[in-house]
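Student: Below, each chain spelled out in residue letters.
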Amino acid sequence: MTVRLRYFAAFREICQLDQETYCGQFKTVADLYELICKKYQFTLNMQQTRPAINDRFCAWDNALQENDLVVFIPPVAGG
Amino acid sequence: MTVRLRYFAAFREICQLDQETYCGQFKTVADLYELICKKYQFTLNMQQTRPAINDRFCAWDNALQENDLVVFIPPVAGG
Amino acid sequence: MSLQNEANTRAKFMLSQGPVHLEYQHSCSPESGALVSFDGLVRNNNEGKDVLRLEYSAYAELALHEGSLIVKEAVDCFALQAALCSHALGVLEIGQLAVSIRVWASHRGEGFEACRWIIDQVKSRVPIWKKESYTDGTCEWVLCQHVGHHGH
Amino acid sequence: MSLQNEANTRAKFMLSQGPVHLEYQHSCSPESGALVSFDGLVRNNNEGKDVLRLEYSAYAELALHEGSLIVKEAVDCFALQAALCSHALGVLEIGQLAVSIRVWASHRGEGFEACRWIIDQVKSRVPIWKKESYTDGTCEWVLCQHVGHHGH
Numbered sequence: 001m002t003v004r005l006r007y008f009a010a011f012r013e014i015c016q017l018d019q020e021t022y023c024g025q026f027k028t029v030a031d032l033y034e035l036i037c038k039k040y041q042f043t044l045n046m047q048q049t050r051p052a053i054n055d056r057f058c059a060w061d062n063a064l065q066e067n068d069l070v071v072f073i074p075p076v077a078g079g
Numbered sequence: 001m002t003v004r005l006r007y008f009a010a011f012r013e014i015c016q017l018d019q020e021t022y023c024g025q026f027k028t029v030a031d032l033y034e035l036i037c038k039k040y041q042f043t044l045n046m047q048q049t050r051p052a053i054n055d056r057f058c059a060w061d062n063a064l065q066e067n068d069l070v071v072f073i074p075p076v077a078g079g
Numbered sequence: 001m002s003l004q005n006e007a008n009t010r011a012k013f014m015l016s017q018g019p020v021h022l023e024y025q026h027s028c029s030p031e032s033g034a035l036v037s038f039d040g041l042v043r044n045n046n047e048g049k050d051v052l053r054l055e056y057s058a059y060a061e062l063a064l065h066e067g068s069l070i071v072k073e074a075v076d077c078f079a080l081q082a083a084l085c086s087h088a089l090g091v092l093e094i095g096q097l098a099v100s101i102r103v104w105a106s107h108r109g110e111g112f113e114a115c116r117w118i119i120d121q122v123k124s125r126v127p128i129w130k131k132e133s134y135t136d137g138t139c140e141w142v143l144c145q146h147v148g149h150h151g152h
Numbered sequence: 001m002s003l004q005n006e007a008n009t010r011a012k013f014m015l016s017q018g019p020v021h022l023e024y025q026h027s028c029s030p031e032s033g034a035l036v037s038f039d040g041l042v043r044n045n046n047e048g049k050d051v052l053r054l055e056y057s058a059y060a061e062l063a064l065h066e067g068s069l070i071v072k073e074a075v076d077c078f079a080l081q082a083a084l085c086s087h088a089l090g091v092l093e094i095g096q097l098a099v100s101i102r103v104w105a106s107h108r109g110e111g112f113e114a115c116r117w118i119i120d121q122v123k124s125r126v127p128i129w130k131k132e133s134y135t136d137g138t139c140e141w142v143l144c145q146h147v148g149h150h151g152h
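Residue numbers (our numbering), protein chains in the order written: chain A, 1 to 79; chain B, 1 to 79; chain C, 1 to 152; chain D, 1 to 152.
Keep in mind that the hints were calculated from the coordinates and are not lab data.
Straight-line distance between alpha carbons at most 27 Å, and here's what the computed DSSO-like set of lysine-lysine pairs gives: (1) K49/D with K131/D; (2) K131/D with K38/A; (3) K131/C with K38/B; (4) K131/C with K39/B; (5) K131/D with K39/A; (6) K49/D with K123/D; (7) K12/C with K123/C.
Make the full structure from the sequences, and use the hints.
Tutor: Printed below as a string of structure tokens:
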């Protein structure tokens, strides 16, 4: 399956990418995060990160669909 | 003893006076309040009113001195 | 003299003839992370009655003294960089500003607590009175009527 | 359509390029008795480090969605007349405005609670990140470093 990924803040600095298209073997957002963490050596675990699909927060066990836009959100610090 | 009195808000409307000089037999602010309440038929009791001498809050049992400026303060409602 | 001036700048209580116009300056000190503000507006109803306008009256000498004590206590107790309060006197129409409070703190927790504390203290300690005029043509000094029956 | 517009006016979340400049309009509705405001300022220190400046970055699409949910929830839960929030993006210097919140309520109790609730929610839910630059030449994404050791 192929999905689109966008990166922000600490993740963007680590992988040096704003966005990319990713193709691989995964079903849920959690599966995808595991693959991406390995690829870029992200050290934040799933308790520290929140996933979003198509500009909305989602659960880690949400299934992904072809061409979904996925964002992994490191700890926020607004205000 | 003679003291000066100023009146505000509800008290001013009842006695129709901004200020007056009052001469009588009293020792404490409480004594004076009793006399003034009788004179103008004020209905607020000492729990509902606070006394001030010379522009500072004081206790009801404070002794008065010749020419003191006394104000009886009805329940405040700023804000 | 210089210290006195500084303290007065950091903690200030004012009375305003007519609606309050406190300049909106957000910055205060490089240590301030939070500015918390309270503005009290004249509402069109109170205790079930339709309010037309109101009038504030003060015992100015004591009000300024007591109000200054309150903002100075707040600066000390909540470790604020600064606290300002201005209260209106005279006739106010619906929607106009009756009181404005500005509090600068390092963190938002103290800022919210201090701002809330100041307005509560002003309402309970400062000799200012409010006369409400209602749409039915009547008027009264708030809290001064029938207090013999239900206290205040 | 008209109802939707009204709801958007009563509860609005915005992102600002550069420091926040929220117009200071005190009046809102004749039923409002309290306007409570919070302004978050860039402080010259954080967690013991001397801050030189900072930079906010956002996932704008989701930040606007989540921020709008927060102000709408606040209007409903605290029975507010209106709630506004604007958050800065980009580089900010010491003393500049990072976030402004304005809440109009009938009474001050709900106003203070709602304003505090909104800033707490914004800080925990809205995808905005802060990169602090320190006077020693280093910089870091706040909360994103070493979180494996002590959580967030």
